[in-house]
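S.K.: This is what each chain is made of:
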Amino acid sequence: MSSAFPAMKILQPLSTTRSPEKPLFDLLKSPSSFLGSASKLRFNAQKPSPSSSYSSSCHRPSTIVAVSDVVKEKKTLKSNSSLSNLLITKEEGLELYEDMVLGRAFEDMCAQMYYRGKMFGFVHLYNGQEAVSTGFIKLLKQEDYVCSTYRDHVHALSKGVPARAVMSELFGKTTGCCRGQGGSMHMFSKEHNLLGGFAFIGEGIPVATGAAFTSKYRREVLKEAGCDSVTLAFFGDGTCNNGQFFECLNMAALWKLPIVFVVENNLWAIGMSHLRATSDPEIWKKGPAFGMPGVHVDGMDVLKVREVAKEAIARARRGEGPTLVECETYRFRGHSLADPDELRDPGELLNFVILVYFVFPFL
Amino acid sequence: MVFHFCITRHELLLFEALREGLEEEMDRDPRVCVMGEDVGHYGGSYKVTKGLAKKYGDLRVLDTPIAENSFTGMAVGAAMTGLRPIVEGMNMGFLLLAFNQISNNCGMLHYTSGGQFKIPIVIRGPGGVGRQLGAEHSQRLESYFQSIPGIQMVACSTPYNAKGLMKAAIRSENPVILFEHVLLYNLKERIPDEEYVLSLEEAEMVRPGEHVTILTYSRMRYHVMQAAKTLVNKGYDPEVIDIRSLKPFDLYTIGNSVKKTHRVLIVEECMRTGGIGASLTAAINENFHDYLDAPVVCLSSQDVPTPYAGTLEEWTVVQPAQIVTAVEQLCR
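First to last, the protein sequences are chains A and L. Throughout the first sequence, residue numbering follows our numbering, covering 1 to 363 in sequence. Throughout the second sequence, residue numbering follows our numbering, covering 1 to 332 in sequence.
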């Protein structure tokens with residue numbers, strides 16, 4: 001195993017003691033630059049810190065504290081107690097594993113069908129990003145809402161829409177979740193509270209904000225005390241330069257809406273590199289500017305994503321307002337199945353592939 | 001014609017009628033809420049929501065930041081998840097910023113979701129040419145929105161139909177755009193005390209006649225009625241219909257009128273190109289060609305930005321004298 005990837009450290013499996021001092025994967029201790037953007041993005045030389053997987057280390061004091069700092073504090077307070085809150089049970093682990101494998105297998109089948117001429121249009125696959133969808137959505141209840149983009153097949157699957165219904169939709173059949181009327185980019189499910197599927201980037205974020213508004217309205221105006229639905233809005237790095245993103249960050253923080261803004265930063269918007277499009281590429285920083293915590297997490301590690309998600313969703317449920325979570329991830333395929341994907345460096349892909357294969361075999 | 005066998009009426013201005021309709025619906029259904037700029041504490045730029053925030057609270061009458069696209073999208077998300085929001089565009093023109101959400105989500109989401117989600121949203125606001133408000137505040141968005149599949153459009157013109165259409169729009173399960181006019185908010189009328197709701201898809205017979213069908217809506221109704229006085233004095237008998245429903249057209253009422261008079265004049269405030277009149281002309285030609293004795297004539301605003309200078313502004317909009325001339329030529 002080690003010979004193929006000489007630059008990599010062999011990582012210990014999960015069963016050994018894990019603590020904040022010895023995270024499963026320590027970004028800064030590895031010589032190769034994983035999460036390609038991360039090292040390029042650091043404008044200051046960073047000191048390795050124990051919880052380095054949360055690189056929200058703010059060198060200057062700020063009044064807004066990142067969620068991860070709060071989580072870190074809580075961990076040190078409870079250092080004497082068992083570390084069971086970091087581990088997952090076998091049942092949970094199997095659930096996460098199944099969800100991610102389903103997502104991957106589903107997308108691979110889509111590619112097969114497309115290239116065999118049985119599926120048409122714009123199909124955007126999620127290969128490589130499964131940890132984000134699984135890490136977040138598997139923590140939700142049925143009555144929580146998910147709002148996605150055109151890269152929505154796996155969000156639908158994670159939320160509980162049957163794979164059969166999603167696949168039928170991709171073939172344009174009436175048995176599809178949207179009766180074949182929506183297609184790949186418009187996955188909706190009233191039963192599972194999946195609010196779309198949107199073709200234009202950014203246009204789903206206000207819809208998600210609206211669902212969060214309804215949750216607050218039901219609690220405060222309609223006096224439904226038990227209503228604590230949380231909404232997750234998924235979108236990419238390209239969307240973070242769009243007006244609707246900023247407008248909704250403002251409104252969500254202003255009215256303390258129960259929403260989590262999840263950025264799936266895969267570094268590329270079709271052929272536009274995030275670094276070429278964004279003045280300050282560190283997206284998580286934009287949260288505190290609007291008065292909400294900004295968290296940066298390794299989006300290839302489902303357990304890290306889940307941990308951050310747990311805190312962000314709990315925050316929203318408690319009525320403390322929104323969180324901006326930037327998940328650094330990577331798409332293994334092109335932007336869509338029609339994308340020749342000639343601009344990305346294959347070496348970049350390789351870095352992320354290594355990480356995935358080291359994270360998966362923990363069971 | 002609509003006959004009211006009511007015992008009592010009360011007098012109010014058009015903007016008060018809108019507010020009355022809104023308030024009745026908010027009392028009736030707690031899921032009805034309002035969102036827009038300055039709708040809450042300020043009471044609305046034309047006072048349509050005055051006093052409502054005090055009565056219903058800041059969440060039900062929500063003062064939004066200046067972000068049309070996002071708060072319209074937020075209203076769509078709220079509508080999908082069980083609320084019945086009314087979005088106010090401070091001026092209809094500002095809703096150009098919200099075109100993304102109005103077209104893609106208001107209009108199409110019911111369809112793309114395979115019918116799973118309904119969007120019971122009302123988008124309303126003042127539009128049309130005012131008194132020297134300048135080009136950007138004088139826009140007629142009905143022509144831009146009419147092609148959006150899935151939305152319904154109505155235009156009010158009297159306190160009576162303003163209240164009735166507001167209530168109907170709120171109760172509708174479909175997205176409805178309610179066009180109000182900046183110059184009509186202070187019209188006074190006695191309306192029934194008893195509750196009433198109008199149909200969103202019906203045109204209003206303003207003045208029955210025999211010689212020519214004049215189709216109009218919103219502010220132009222008043223220019224037409226002014227012209228009608230002159231025409232009557234000259235011996236003409238125009239039938240005036242306020243179409244009210246801009247999408248879909250009430251072709252039943254319009255058709256019956258065309259079959260009677262055989263001549264049609266459309267008077268609108270939209271631009272000539274791609275306006276409501278253009279669509280209506282096509283619809284009448286397609287459906288009632290055999291009944292026409294003359295080509296459909298359409299009087300619209302000039303295809304220019306509305307000038308600031310008062311005299312120039314007047315010239316871009318159809319005036320009663322032009323309507324009289326057009327009828328005389330049509331009935332020759």
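Heads up, some of the hints might be wrong.
[Said to hold, decoys possible] Here are the simulated lysine to any residue pairs, SDA-like style, with alpha carbons at most 25 Å apart:
1. Lys-55(L) / Gln-142(A)
2. Lys-55(L) / Glu-220(A)
3. Lys-216(A) / Lys-229(L)
4. Lys-190(A) / Gly-114(L)
5. Lys-118(L) / Gly-134(L)
6. Lys-118(L) / Leu-222(A)
7. Lys-55(L) / Gly-93(L)
8. Lys-256(A) / Pro-305(L)
9. Lys-118(L) / Gln-142(A)
10. Lys-216(A) / Gly-150(L)
11. Lys-247(L) / Thr-311(L)
12. Lys-256(A) / Glu-189(L)
13. Lys-223(A) / Glu-189(L)
14. Lys-256(A) / His-274(A)
15. Lys-223(A) / Gly-114(L)
16. Lys-216(A) / Lys-188(L)
17. Lys-216(A) / Tyr-222(L)
18. Lys-223(A) / Pro-30(L)
19. Lys-216(A) / Lys-247(L)
20. Lys-190(A) / Lys-54(L)
21. Lys-256(A) / Ser-273(A)
22. Lys-118(L) / Ser-168(A)
23. Lys-223(A) / Gly-51(L)
24. Lys-118(L) / Ile-201(A)
25. Lys-247(L) / Ala-225(A)
26. Lys-118(L) / Lys-118(A)
27. Lys-118(A) / Asp-108(A)
28. Lys-118(L) / Val-221(A)
29. Lys-229(L) / Glu-189(L)
30. Lys-138(A) / Glu-307(A)
31. Lys-47(L) / Asn-186(L)
32. Lys-141(A) / Arg-306(A)
33. Lys-173(A) / Lys-47(L)
34. Lys-190(A) / Gln-116(L)
35. Lys-141(A) / Arg-131(L)
36. Lys-188(L) / Gly-150(L)
37. Lys-118(L) / Arg-306(A)
38. Lys-256(A) / Gly-150(L)
39. Lys-118(L) / Glu-307(A)
40. Lys-141(A) / Gly-321(A)
Hint data in this document are derived by calculation from the structure and do not stem from the laboratory.
S.K.: Taking only the CA atoms, is the gap from Lys-118(A) to Asp-108(A) under or equal to 25 Å?
M.R.: holds, 14 Å
S.K.: Lys-118(L) and Val-221(A) were given as a pair; does the straight-line alpha-carbon distance stay at or below 25 Å?
M.R.: holds, 22 Å
S.K.: Would you check the hint for Lys-190(A) and Gly-114(L), treating anything up to 25 Å between C-alpha atoms as holding?
M.R.: holds, 10 Å
S.K.: Please work out if Lys-223(A) and Pro-30(L) have their alpha carbons no farther apart than 25 Å.
M.R.: holds, 11 Å
S.K.: Measure nothing beyond the straight line between the CA atoms of Lys-216(A) and Lys-188(L); if it is 25 Å or shorter, mark the hint as holding.
M.R.: Violated, at about 39 Å.
S.K.: Can you confirm whether the C-alpha distance between Lys-216(A) and Lys-229(L) stays at or below 25 Å?
M.R.: Between Lys-216(A) and Lys-229(L) the Cα gap is close to 55 Å, so the pair fails against 25 Å, i.e. violated.
S.K.: What's the verdict on Lys-118(L) and Arg-306(A), does the C-alpha distance respect the 25 Å limit or exceed it?
M.R.: Distance ~33 Å between Lys-118(L) and Arg-306(A) Cα, so the pair is violated.
S.K.: Going straight from one Cα to the other, do Lys-216(A) and Gly-150(L) come out at no more than 25 Å?
M.R.: Violated, at about 28 Å.
S.K.: Take the C-alpha atoms of Lys-173(A) and Lys-47(L), compute the straight-line distance between them, and say whether it is at most 25 Å.
M.R.: Answer violated: Lys-173(A) to Lys-47(L) is near 50 Å, above 25 Å.
S.K.: Would the hint linking Lys-190(A) and Gln-116(L) be met if the CA-CA limit is 25 Å?
M.R.: Answer holds: Lys-190(A) to Gln-116(L) is near 6 Å, not above 25 Å.
S.K.: Is the hinted pair Lys-55(L) and Glu-220(A) satisfied, with a Cα-Cα distance of at most 25 Å?
M.R.: Holds, at roughly 15 Å.
S.K.: Is Lys-216(A) within 25 Å of Tyr-222(L), Cα to Cα?
M.R.: The hint is violated at about 45 Å.
When held up to the earlier numbered hints, the structure conflicts with 1, 3, 5, 7, 8, 10, 11, 12, 13, 14, 15, 16, 17, 19, 20, 21, 25, 26, 33, 35, 36, 37, 38 and 39 and fits the remainder.
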